[in-house]
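A.B. asks: Using the sequences and the accompanying hints, generate a full structural model.
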Amino acid sequence: MSGMLLIPIFLLLTFFRQNVILTLAVIIGLVHSYIARNSSVEYLVQDLWFTLDRELLLSIPMFIFAGVIMSSGSISARLVRLMKALTSPFRGGLAIATILAMAVFSSISGSAIVTMMAVGTLMYPALIQSGYSVRFTLGLLCTGGTLGVIIPPSILMILYGLSTDVSVTNMFMAGWGPGLLMVLVLCVYSVICNRSAETSPFDIAEVWAALKHGITALLMPVILMGGIYSGIFTVTEAAAVSLLYALLIEVVLFRNLGAKDVFRLGLDTVKLLGTLMPLVAFAGSLNVILQYEGVPQALVAWTQETFTADWQMLIMVNLMLLVAGALMDESSAIIILAPLLAPLGLAYGYDPVHFAIMVIVNLQIGYVMPPVALSVIVATSVFRQTFLTVSRAVLPFVALMLMVLLITIMVPQLSLMFIR
Amino acid sequence: MNATAAFLRGLTKFESIVAVTALFISAAALLADIFAREFFKVGLFGSFRVAVYATAASALVGFCVCISHGSHLRISFLDNAAPAAFRPLVQRIGHLISFSICVFFAYWAIFYVRQTAELGETDPSLQVVVWPMQLFMPWMFISGAVRYFAYFMFPMIAAQDEEIVQ
Amino acid sequence: QEVWSMGSAKRAPDIGATFDEETVAALLGATDAVENVEIQFIGNEQEMIQQVIRGRLNMGGSTPLGLAAAFPDISVLNVPYLWDDAEQRQYVYENHVIPQLNETFASSGLVVLSVQEAGFNGVFCTFDCSDPATLKEKRIRVSASASSRLFWDSLGSMAIQLPLPDTWSALEQGLVVAGELPIAYFATTPAAATAKHFVYTDHTHSPWIYFVNKRSWSKLSEEDQKAVLEAMPGAFSTSERFFADNDARATSFTDNGGTLYKLDDAQRKAWADLVVPNIGKLVEEMSPGARKLYEAIEAGKKEYAAR
Ligand code: NA
Ligand code: NA
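Chains as they are written, first to last, in this note's numbering: chain V, 4 to 423; chain B, -2 to 163; chain R, 1219 to 1525.
Simulated from the structure, these hints should not be mistaken for laboratory data.
Any given hint could turn out to be false.
[What the hints assert, rightly or not] Only some residues are given here: those of chain R computed to face chain V with a beta carbon under 8 Å:
1. Gln1268
2. Pro1381
3. Trp1386
4. Leu1393
[Unchecked claim] So the derived label-pair ranges between C-beta atoms look like this:
5. R:Ser1436 to V:Leu419: 50 to 56 Å
6. R:Ser1470 to V:Ser384: 53 to 59 Å
7. B:Lys10 to R:Glu1516: 54 to 60 Å
8. V:Ser384 to B:Ala79: 18 to 24 Å
9. B:Met153 to V:Leu419: 56 to 62 Å
10. B:Gly117 to R:Glu1503: 14 to 20 Å
11. V:Arg395 to B:Ala114: 53 to 59 Å
12. R:Asn1474 to B:Ser97: 55 to 61 Å
13. V:Arg138 to B:Asp76: 22 to 28 Å
14. R:Ser1470 to V:Arg138: 41 to 47 Å
15. R:Lys1354 to B:Gly117: 46 to 52 Å
Source: prediction; values computed, not measured.
Where is the CB? At the ideal position from N, CA and C, for every residue including glycine.
C.D. replies: Structure below.
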């Protein structure tokens, strides 16, 4: 069977409204049966199991659960209040408040979608009421959410570590540089776009009150990163600690959530898991086939023959990632591409962590890059706008993200400065 | 039809409880390890493995919960390719296709788990056989098949696509 | 003629990768039924072994630690301080262990091709831990094996079970301060940059077992099967080169600022005395199959001593 036949099969399944997991399952099943050598569906099931049977995956549900609890409880509201108090004197202050709140929330949550929803649902009406354009607001919220994947913790980094030998802890440290740069770029852009937005005088009493109100939220990333970097717990365990912290604050301390709410939020987490993890597992099987067929080695050999200069390789890799990010969901993309690309980075002498961060920053763009843009899809339904409106809104922000990507590539120190 | 719908509601409820419980077991296992060594100066052997199996269970059963909530990610650009009058039929055939895919993978999942059981594959940390944990794979596909077949028979009870995907 | 694939967790410059190639060459030289054997790197040994058992790969090689999920009984081979010397080990393996391995493997559809050297585990630390007392109550990384757990429990350490990839960063962040690995492997890991001290405790010995899927095996004619087995290098015939390579790797470790501790008999005894008294209890808790193998080993050791 020719691989080309998979395209009409994909279209047929899509026409008959199959979900992404079943579509992927059929396609990978066909690859196992007819394209891969010495394989069958039996081994597909085995790959599913061995992908799920890994300690490294454990942190993903914990980070998602913690994020879901905090966006439903009061923590995100407290964050927003604090950031508003701090930025109200500045032009574009509310936009800056949004970005900062998203940045802090990102350092708790590993997911772009959870970050966007946690802060976005609170800030969208506020921004619109304060006279920010719908277009700017949508672009800002979609893009700000993607901070969740570059500012640690990050599910994409965990998945990158799962399929390569790169240390997740080191990636977590390296993500701060490009993440904070992205925050800065977004803030500057917000000020430039909203020079005429209203401001209010600095209210020290409100800042103080908001700080007291919001300290629990601010402490969270400190506990999380402090615990990891000082050796109290591993990255995986940090995720469980963040869940515990979120539960303690929302259920015990503030009593915002009862047992029923926690179950409902657990179910929300399960619904995210049930769509994400089987996808990761099937993508993991495709990855095994690529390894068995020697594709990474062939790719390295071909690239080294075709591109002698490393900037040429970088352009090829980044274009490939941009296309993949636009066409695929980022979790599957990273599972499949990371083991193909990481050897390339090594072959051309790049630091594995810097190279990994480049891949992550690139795929971060995929969250807002149509047609398969998760942030845009979610924004469409959460903020009740058409796909086209949101897609157009994110375009200028994509340019900003490309700029950050370029700087991340050209300045390795930005990523590597925090690594011993 | 009502009986079927009621059955599916019960199934969803049961699976929701299983998946959420598994999630909490996973969190508890990870936290127990940290607390044991911080406060009691002992490492808990195998707690990571408990968490791994619980997470896998939660994710696999979660797949079924997602079907019943219509929260699976779906690529929708061909949704309007069929004339409006035929769309219900397309959807119905789609359920039949989903059913067939699930049955196919259920067969292979059962095949795989049975083989694991026969081979006596054991978890070295916990000293327990692995196959009961793997049962969540056939569960995922069988329960999926049951749902899709019910949707095919009674399109009225099919889950609507949830607004928020992933 | 078929093309086979062999799973391996060894990658050059690991000398195990060379042994893999030699095993393949020996097989190809002895039979015309196999045209070529492609060596497939698979980092997760348990997964690789399942692939061989289920026939996705035709053959593979691994240690008892990797094989523990499929054959829990053979973890006995990792019992600390099991052997007095190389000759004793060789004798008992050839006369008692390998026949029993063959029996055990057959139950899962595998055939033992040859048994080679995987060396000893030593202890790596972020400080000078040549005295076992320094590890008391310290946090160390323990693998999934019961033998490894027994070793650390006997030293009074706080054993924390971590996957290997987590171990490197856990050492860096100070979550754990020590662990155990063979020197040759340890020296190539990121851990060697953080844990600058390595003690040759030589407490746990591992064989390296090559095996082939029985269905693939039975496609060879009986003469070919016999020829292949005869062509295989003898048990532990790779030991000398293995340990020479160990020394070369150890040098790279010291060149990068690492310190090695070779133990004299008194020091070695200080370690062993803490562990050996607890081995009886470990064996008692083992499965019947494991106990049977352990008793066969003990009988073989007596037989060797009597010769
Ligand atoms: Na994050
Ligand atoms: Na995308």
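A.B. asks: All hints, please: hold or fail.
C.D. replies: Against the structure, the hints come out as follows:
{"no.": "1", "hint": "Gln1268", "result": "6 Å, holds"}
{"no.": "2", "hint": "Pro1381", "result": "5 Å, holds"}
{"no.": "3", "hint": "Trp1386", "result": "6 Å, holds"}
{"no.": "4", "hint": "Leu1393", "result": "4 Å, holds"}
{"no.": "5", "hint": "R:Ser1436 to V:Leu419: 50 to 56 Å", "result": "54 Å, holds"}
{"no.": "6", "hint": "R:Ser1470 to V:Ser384: 53 to 59 Å", "result": "57 Å, holds"}
{"no.": "7", "hint": "B:Lys10 to R:Glu1516: 54 to 60 Å", "result": "57 Å, holds"}
{"no.": "8", "hint": "V:Ser384 to B:Ala79: 18 to 24 Å", "result": "23 Å, holds"}
{"no.": "9", "hint": "B:Met153 to V:Leu419: 56 to 62 Å", "result": "58 Å, holds"}
{"no.": "10", "hint": "B:Gly117 to R:Glu1503: 14 to 20 Å", "result": "19 Å, holds"}
{"no.": "11", "hint": "V:Arg395 to B:Ala114: 53 to 59 Å", "result": "55 Å, holds"}
{"no.": "12", "hint": "R:Asn1474 to B:Ser97: 55 to 61 Å", "result": "58 Å, holds"}
{"no.": "13", "hint": "V:Arg138 to B:Asp76: 22 to 28 Å", "result": "26 Å, holds"}
{"no.": "14", "hint": "R:Ser1470 to V:Arg138: 41 to 47 Å", "result": "59 Å, violated"}
{"no.": "15", "hint": "R:Lys1354 to B:Gly117: 46 to 52 Å", "result": "38 Å, violated"}
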